[in-house]
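Going line by line, the protein sequences match chains A and B. Per my numbering, the very first residue in the first sequence carries number 3; after that it's consecutive. Per my numbering, the very first residue in the second sequence carries number 284; after that it's consecutive.
Any given hint might turn out to be false.
Stated by the list, open to error - Lysine-lysine pairs mimicking DSBU-like chemistry, simulated, CA-CA at most 35 Å apart:
(1) A:Lys337 - A:Lys322
(2) B:Lys295 - A:Lys255
(3) A:Lys10 - B:Lys570
(4) B:Lys471 - A:Lys216
(5) A:Lys262 - B:Lys286
(6) B:Lys550 - B:Lys500
(7) A:Lys217 - B:Lys286
(8) A:Lys217 - B:Lys288
(9) A:Lys283 - A:Lys329
(10) B:Lys286 - B:Lys570
(11) A:Lys337 - A:Lys348
(12) A:Lys232 - B:Lys295
(13) A:Lys378 - A:Lys341
(14) B:Lys550 - B:Lys286
(15) A:Lys4 - A:Lys216
(16) A:Lys4 - B:Lys479
(17) B:Lys567 - A:Lys10
(18) B:Lys333 - A:Lys217
(19) A:Lys19 - B:Lys567
(20) A:Lys4 - B:Lys471
(21) A:Lys262 - B:Lys333
(22) A:Lys255 - B:Lys296
(23) B:Lys474 - B:Lys288
The hints are simulated quantities; they were obtained by calculation from the structure and are not laboratory data. Source: prediction; values computed, not measured.
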Amino acid sequence: MKYIRDPKRIREVLGKKVQFILGDIACVYGGLLAGVSFFGGYPITPASEVAEGMARRLPRVGGVYIQMEDEIGSIAAVIGAAWGGAKSMTATSGPGFSLMMENYGFAVMTETPCVIVNVQRTGPSTGQPTLGAQGDMMQVRWGTHGDLEALAFAPSTVQECMDFTIEAFNLSEKYRNPACVMTDGEVGHLRERVVIPDEENLKIIDRRPATIDKKDFIPFTNSQTIKNCKVPDFPTFGTGYRTYVTGLTHNEKGFPATDKQPDHERLVRRITEKISDDADKLVMVEEMNLDDADIAFVTYGATARPAESAMEMARKNGMKVGLLRLKLVWPFPNKLITKLAKQVDKIIVPEMNLGQIVHPVTEFACKHCEVVSAPKIGGEMHLPMELYKYLEGK
Amino acid sequence: MVKIKTADELNKKFLREGMWPTIFCNGCGHGVVLEYTFWALEELGLDMDKVIFSSGIGCSSRLPGYINADGLHTTHGRAIAFATGIKAADPDFNVIVFTGDGDCAGIGGNHFIHAARRNIDMTVIMINNFIYGMTGGQLAPTAPLGSIATTAPYGNIEHPFDICNLACALGANYVARWGVSHPYQPIKSIKEGIQKKGFSLLEFLAPCPTAYGRRNKLGDIKKHWEWYDNNTILKEDLEKIMKYGSEQEKEQVKDKIPLGVFQDIQKPGFFEAYEQLVDRLKEKESKSIGGK
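Next up, chain B with everything else stripped away, as it sits in the complex:
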């Protein structure tokens, strides 16, 4: 197989014809996450007939429409539950969910929690832009304290949701958070997430200049993107500073959002456990028939 080298070749292979232009605004981070996913899929060399996408409602949930693959664009918050059924129907499927912070951490929180707890074999890519972008900028469960939304006009007083923390606590097999301005680690992480049996969560911090940046005075698109570089820190660096750094250094990093792989374990995935259950039943039954 000839390996793809350029983004154009990549797009030609993975994009669905006839769906252009996209709905995304200038400076939006969603396209970058899509591109990372394409690179990861290309490097994994998966049979795209068996890679199935599911999504809910919101900007991020429109991504499967642009991919030349089977995709189920479902109802708000429910993509993970739909994906559970898709995977149950055919164990050969690689199921990838695109979702957003509102879709996944807001309305779909319960489905997320239980799919992670069950360790359902799927890769959830949650694109977090701190806002309900598609509906015009309402308050998201991940919105930073003090941030402005149309429904938080005087500043957000709710504590933001750390979805990676939650996924780790639930025992998901793979949990990582990345930004959209450095491709290599995220692409590697998406590959690891897809290859991993059981539940994988990849959270991407992605700018939404239209609904979030503008309202929160983050400046033009370039400045908005820079905000992410200035306000995130590699998890390992953060841990080192918090352990060995001076008080001043700690003060500088304590509010930064950590990036990196937070969990990478090997619990059996749900369907592996289910197959074992079926085998156990068969064995028991053959014994009882033999004994008669």
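Isolated chain A (complex conformation):
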């Protein structure tokens, strides 16, 4: 019963086109629409609803749900399933995300497409399990050892939980790199209206399979079917390419090259450049009132909501405030931030942590303007009034 994506069946299982659902469940919907056929999960607040939603629906669309023994096993099974040909995903929160770090790096090194939903909660350690935070925004970029490029979305609404999960699959499949949906306990447990897209409006990207003659196939090099593409064609297990896939530094054939500097440099340059070369094309932001702005919020995820309210309050009071919302936080929109910093006097970066994304913002503002961190921790969102005070310079 190998899975075949059946759009009609998926919509039968999802139900009505317009629904009022949790952010976590919207991630489930996004995964199912993208064609996920394997989910390996482990319960953790506030992400458990993703696993529950998958356990209920995956068997009905022909996919496999397994509750693994821990988050390390979950991401491992997800990567294994990807090599078996599945679109696969898992969902977790901070402690589980920390446990996944090693295999997240394995997915990067072996160029395995897969999706991790991280419904962030406060930390360090067990923190406040039921309360939201944005404390893993740097971990997703730098948390595993070695050099990599991250693909990380930050949904602000329940609709975006669904849309960005689909997009995460698309980028993951396109670049053969894990992609993360960095939602949080606030958006994950928020209930909002969502509209399930019709099949004709849905853009689904699948990994490009290896098709050339088996004896000529080279598994870990530029595509052999598309020119100048640093993403290799995918030799799905079982299709006869007999590929050896290792987390060790490997040469283009996939064989270990653990003592060879040029092989390591060639490999890691390619697997990072396949994403960083496209960074400008990948920018996904929402710009609000930036044309005439003197002050700009740069924000993402749940925090964009109070920031937007603060901006509206300020506009009513005649202050020229705009907002740049990062939908895809990594790769970071370097050039856009530099451009914005040249235009405004001040950038305020509200985050539900003690200051993470404020660092790349500061770096790429290149001292063209003042950059202010507006942190809030402890599992409560910023109040619009709190952010308004930052606008007043208080």
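Place chain B on chain A using the hints.
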């Protein structure tokens, strides 16, 4: 199909070109287990495009690299969890895991326990050399009491892990332990393990002269290999002696490691059970639609 008769022909068919030489030391037992596996696969006549290997970290986990087949060389201890996903993606796959005592019984213990409990359809070949060989001879969870390792310089005071016992307790469908100096029973056992639906464990006791034998004064390679013959006993012989033997005979065998097939049952494998669940759901749904 012409049946293969010699080891050379066998290697030509199953070994991956371009990966030689191997990383293995003189006197290492891993190559023998690989050879046994090749014979078993040859005799089963499986489509090697559909036989997928997974492994973790350590000497044994390098084996899939030498096999002309799809192989996922994963992170330390996690091979079984990766293999679970591989099998989930395509029920036609025959999934074989190569792992070691440190990889499987140490860092990967929890994945092993739960894959065996779930009866996931895979064959786990755990090569037990009583030591962390690749990292230079640190203490393994299977190390005999009193044995010397770089991290147990005054002798091991921990009790060794009997992984076969554990697998039996978890209800794995097939559990066997063998050595590497007698080919016939192990090859038969690997065949049975691969053919078996659900979870199969094959433990192989394999010498590591470099990291274990040398440090534990087991002598040269030949003597080290003989240690295994002198310190193991067929499970059936052990049971007979412990039941009917004299006190002296019992004393002679009581510390020997039993070899043989410890469990051979037919519980439904995980994916068989999963398919039944899917069918049940379909039936329920068609009824409820029909009733409307």
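Please write out, lowest number first, the hints stated earlier that are contradicted by the structure.
-> 5, 6 and 10
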